[in-house]
Every structure is written in C-alpha cells, then in structure tokens.
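Visitor: Spelled out from the first residue to the last, the chains are:
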Amino acid sequence: MSASVPATLVRVLGASVRLGNVTALRRVSLAVNRGDVIALVGANGSGKTTLLRLLHGLVDAGGARRLDDPGAVQAMVFQRPFMLNMTVWNNLRLALWLARRRVPRAEAAQRAYEALQRVGLLESRDRPARVLSGGEQQRFALARAWAVRPDLLLLDEPTANLDPSAKKEVEALLHGFAADGMTLVMSTHNLGQAKRLATRVIYLDHGEIRLDAPTARFFGASADDRARLFLKGELPWALE
Amino acid sequence: MRTVARRRIATLLIGLAAGFGASAAGAQERFITMASTTSTEQSGLFPHLLPAFKKASGIDVHVVAVGTGQALDIGRRGDADVLFVHDQAAEEKFVAEGFGLKRSPVMYNDFVIVGPNSDPAGARGKDVVAALQKIAASKSSFVSRGDRSGTHAAELRYWKAAGIDAPDAKDPARRFDYKACGCGMGPALNIGSSTDAYVLTDRGTWLNFRNRGNLAILVEGDTRLFNQYGVIVVNPARHPHVKAALAQAFADWVVSADGQAAIAAYKVGGEQLFFPDAKP
Amino acid sequence: MNEFAQSARSALDLIVHADAALVRTVALSLAVSGTACACAAAFGLIGGAWLAVARFRALPILILLLNTLLALPSVVVGLAVYLLLSRSGPLGAWGILFTPAAMVIAQTILVLPVVAALARQLVADAMVEGGDPLRSMGAGPLVSALLMLAHERWAVVTLLLTAFGRAISEVGAVMIVGGNIEGVTRVMTTAIALETSKGDLPLALALGLVLLGVVAVLNVGIAVIQRGRFMAPLIEAR
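Protein chains in written order, with this note's numbering: chain A, 18 to 257; chain B, 2 to 281; chain C, 2 to 239.
The hints are simulated quantities; they were obtained by calculation from the structure and are not laboratory data. Some clues are possibly wrong.
As the list claims (entries may be wrong) - Quick list of simulated restraints, FRET-style, between CB atoms:
1) A/Q127 - C/A19: 55 to 61 Å
2) C/D14 - A/V148: 44 to 50 Å
3) B/A238 - C/L213: 56 to 62 Å
4) C/V24 - B/K268: 26 to 32 Å
5) B/D197 - C/I226: 38 to 44 Å
6) B/G59 - C/W155: 48 to 54 Å
7) A/Q96 - C/T159: 45 to 51 Å
For each residue, glycine too, the CB sits at the ideal point set by N, CA and C.
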C-alpha cells in the first residue's frame, strides 16, 4: 500500500501571537496546501511577517501550528538576506552543510553548482557575498533555498527593494519554482505581482485574515469592504 | 571538520603545557630556588656571587627577591629550598619552629641613615639612636618601609632603643611626619628623595640607587647599624620535595673559604659592601 | 620632559644593541602573554558565544558575575593563584610555582573574563540580524553562535588584541606567581618595576618604550593582514 502524500503541508488554527505589547496576529486560521502559491497582502504592520514566521516555526503560538506533513522541508527567504562574511560559494556550501542530514556530502558540491547556475550567479561564486547588489543578493537567497529542495518556500517581500529588472528576474525564478511543484507563500506589497504569480491571495488587516480567496475571485468581486478599499488604494499603506 | 580541528587544538595546548611543564619541573636541570630580600638583590651581590657558585657546583640558583617577612613565609610554605635573609630573631624562630634545618651566619653589611643635605634635624654623626631622637624632636619627615622586612625590623629596634614609639604614637603631638609605605627599599628611597625625608637604608641599595635627589649619607659607622645575614636550608622533613642536598651544597659553599672570598670581593664604586663573618 | 627624551634615546639604543638579556625578557613577555591569550581565547570565545544563546534561569546572574570579573585586579589573581600553586596549597604537587607556566595560568584567569564578556556581546549583537535566518537553515543555537564569531572575525581580532594588551601590560600577577627570577621568570613589566624600585627611572621608562614598540609592531602586522583581506573586496566592489 503506497503512503498517500498529505495534501496539506502546514496549518494554523486560531493562532494568536503577541509581540511585546502588540497583538500581531488575532485568531488566525489557514491551511497551506501542496501546490499553492499564496500571496499575503496587507498594510505594513498587518501581521504578514509574523504569519510567515509562525508558519515557519520561528514564533510560538501555543500549539496552534500543526505540521500535517512532518516530512515536508521548509525554507525561508527573509526580507534582507543574511549572508556570512565569506564568498558566495562558501555561503552556499555552509547552508548545504547545515542541511547535511538531507543533502549528503557527496551531492553538496553538485547542488551548489546547479543552484548558482539556475539563478545566474555562477560567475560570482568566488566574490565576497556582501558585495553583491540587492538583486543579486535576493537571487542568491533563492539559490540557497532551492539547493535544499524545499517542499514549502516562504518569502518575506522578496522584491521590495529591487529595481524593475531585478524584480523581473526574481519573479521569473519564483514562477519556475512554482512550475516545478514547489509550494510558495510570499508577502508582497505589489498587487500586480500577486496577480501574476499567486493562485490564492490572503488579505491581512490588523492581525486578522479578512479574505482568503483564489486570485480570480479576490481581484473580482471582493467580499470584504476593507479589502476593496485596500485594493483601491484608499487605505493607508501603514497602520498608525 | 569540527572534531579534527578540536583535536588539533587540544594537541597544541597539551604540547605547550608540556613544554612549560618541562622547563618548570627541570628534573634534569640542577637548580634550587632561593628566597632572599629585595635589598640583597638590589645591592647587586647575586650576579657577582651566584655565577661563582654555579662554576664550583654546576647548580643554578633561582632568586625570588621579596621582603624578609615574605621570604620566611615562602620558606614556611615550602616554595623555596633555601633562605638568605637578614633578620636574626625571625630566622631563629623559623628554625625553632622546625621549618629550617640550621641558621648559619654568612656576612654582614651595614645600614645608614640618609637624609636631605641640609639636615634640618641635625642628625649627622655616628650615633643612630641620637639621630632618631633628633629627627623626632624636630618633627622632620621620615620614610619607613613598613613591610616586615629585615630592614624594617631593624628600624623598629632602633626606635625602641631611642625610646620613641613614633610608629604607633596615638598622641598627635608626639607624632612627627612618619610615612610607612609598605614597600621595598628602592621605592622608599624614591619617596624619601621626592619629599626630602630621612630614610634608614642598607648601604648596598643606596650605592646602587640612582634617584638620589638631595639625599646623602648622614649617619653611619654605629656598630648597632651592622646588619647580619644568615643562610637557612628549608627542612625537608616538613616539605619532602625540597632539594635539600643541593640547597645544603649552597649553604656549605657560601660559608666556605671560597664563598666568603667571593663575598668580600664584591665592590661597588671601589667600596666593599658585605663583610664575610661565617663561623668556621 | 628631558627625562622622556633621554629615555626615548635609551630605548632606541636598547633595541639597536639587542642585548641578550633584553631579548630574552621580551621573548618571555610575548610567550607568556601570547599563550595566556590563546588559552583564554579557546575557552572564552566558546564560553562567551554560548552565553549569548543560552537560555536558563541563572543566566542574568552569570552575566553580572562575568562583567564584574572584568575589573579583577591583577594582584588579586596573582595572590589567588599563588595560594593554589604553593607547595602548601592544593595544587602544590604540580610544582610549577615561580615558573612561566604559573604566569600563563594567572594571566589566563585574568584575561578570560575579558574575552568571554566581549565575545558574548559581539555574538548577541550579531544574532539580532542573523539568528532567525541561521535557525531557518537548521543551525542550532551553539552552531549559530560560533558562526557569528567566524562572521565577525575582525571584531574578534580586536577583542583578542584587547585581551593581549591586558595580559602583557599587567605586573601584579606575574610578579607574585613568577617571582621575577632573573633569566627564568623576569618579563618586561617586572623588569620595569625592578628598575623603578632601584631608582633607575630612565632605564625603566626606556624599557617601557621598548615594550610599547614591540606591541606596536605586532599591531602593524595585524593591520597589514587586515588591510589585505579587507580592502580587496571593497576595491573590487567599485
């Protein structure tokens, strides 16, 4: 009998998260299904980053997070990619070493090579990682994540600080990952990006999920007033 | 990678420790540790005397120079093999308590009182007791080592002989400017020369002292100023690790004709500092 | 002012003539303090890094204690180690009192809090940015902390130079546990103290300048290495 692969990767049920004095998330429930490409939208401070970190297991929500598929591998790309003070190649090899239980030593060099090739950073492999441009750093972060072949990739505003051409490159890579079957959850301010890449859009407002709908429905007739206002740009981008 | 690196570091550290340990243990090296006094070291006697002993016996002498009180304490703890100090009463007590084998007189030098050239107290002369009385009476400044050294012990004896309990005087009217620094002879002389004060010092340290300021020898020649040195081997019965045989070789040599001649031969500026007086 | 000029000239003289005893004394200073720093680094860097990521109730007290030990007087350390290593003390059987080994031990104890406290702060600061990403990649707390040390290696170099400075400049500890034995445990600082107490102040000052000169050369060497590693990527980035 073949083991069936769970359709849901991770879910949260009624999760509330306090950060200091602020309630970042309020009774949030969502299930991330295999093959989803989810865009999290909402004003600054609405809880997008906290939700991503919660899904990744970096934040404690008192058991509200459940891994439906414990074997699924997760990776996360943070808003500013963190790179150690060494070459691009060594940074990548380090990441692979940290994942050594899943990536056998013999394969590591091969994986690193392929990852850099895929994102177009092969010629930069011996440069110090810290001198890469913003776009290159973001592509490196994607290479680092892809090298461990995650089932689920979480991204926090991956194109926020990039110029238009770098943005295009990153979107193309993400599109490629999704096409390969990777599940993506990414936060973004760019509604066009959400429309282009996502299969499902979730709108967060003051720590609550106001709308969770497939892309077409989200951008069509919106069920939520605030969501409609947000889309029209009439709500401020940042919460006071 | 991690374990290999850790192992290499451990090997390096052990190697360093072994290297230091080897130089420390010196089981192959013949040396003894001698606790002596700062005034003896500063007189310059050891660089003259010890090479002669090494030549005769092949034994190195490591000198730890501290105050007499501390030297005797080092002996009591067994951290030295032989003592070479100048406080007869304390030395005899040391032997009586079983920490040392036998006290043998070796040599004497003398103390002098130095003071400002202008001599405000009128202390100049040959009488140490009279000098101290004049210093006290004139409320002049006096610097004491105050460190339980042989020199300090001698100084207190002279004050007592002069009938002045200055160091402990409770009555401010009877006190004069007495500074006890708790320091060695050199630092005490430094203070004396900076403040134009009187200081009791051994002649050896004074002859080698460079920072004299206005100070000069004012009182000398009183037989009470003679300062007797003794050598004591630390008792191996108390501290079995003590190198008793080698230490005894030193004690025997320094009272022998050769050792005594070497002592007499040591001169500073043409002047003999130490006068051998070992009993044959 | 004249004394300083005279001493500066004497210092140059001493260096040029490279008297055997002086060379030996300088070499011993470097060896003792260098070894002490290496030992303190081995334990202090890892200990400090661990403290930055550890989670347990008594942690704040431990950090308070560590920061207090930064002000440990060298003479107190010397006295404590002397009592430990004395033949009448608990470790007397080792027989290393009045040897360079005892001096290394005393200076290691003195310098260890410096290394640990600074390493802890360094790692804690670096973990603000790097903690989550490393955790995300599968690094445990201690591995993350050690990676931060490697990441901030030039800060670590400065840290170790600070520790070395503290070690090579102290006189209280090495005087007591070493005994300032000529040719065996006499280092630059104890030699300076001796010449001062003999009243030969110009010579003492000159020796002090020689010591500073040696440390300056060391720092120049490190700066050259740093420049090579540091400037290359910055030049390339243009």
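Visitor: Now look at each hint and say whether the structure bears it out.
Guide: Here is how each hint holds up against the structure:
no.	hint	result
1	A/Q127 - C/A19: 55 to 61 Å	holds, 57 Å
2	C/D14 - A/V148: 44 to 50 Å	holds, 48 Å
3	B/A238 - C/L213: 56 to 62 Å	violated, 49 Å
4	C/V24 - B/K268: 26 to 32 Å	holds, 29 Å
5	B/D197 - C/I226: 38 to 44 Å	violated, 53 Å
6	B/G59 - C/W155: 48 to 54 Å	holds, 52 Å
7	A/Q96 - C/T159: 45 to 51 Å	violated, 30 Å
Checked against the numbered hints given earlier, this structure breaks hints 3, 5 and 7; the rest are met.
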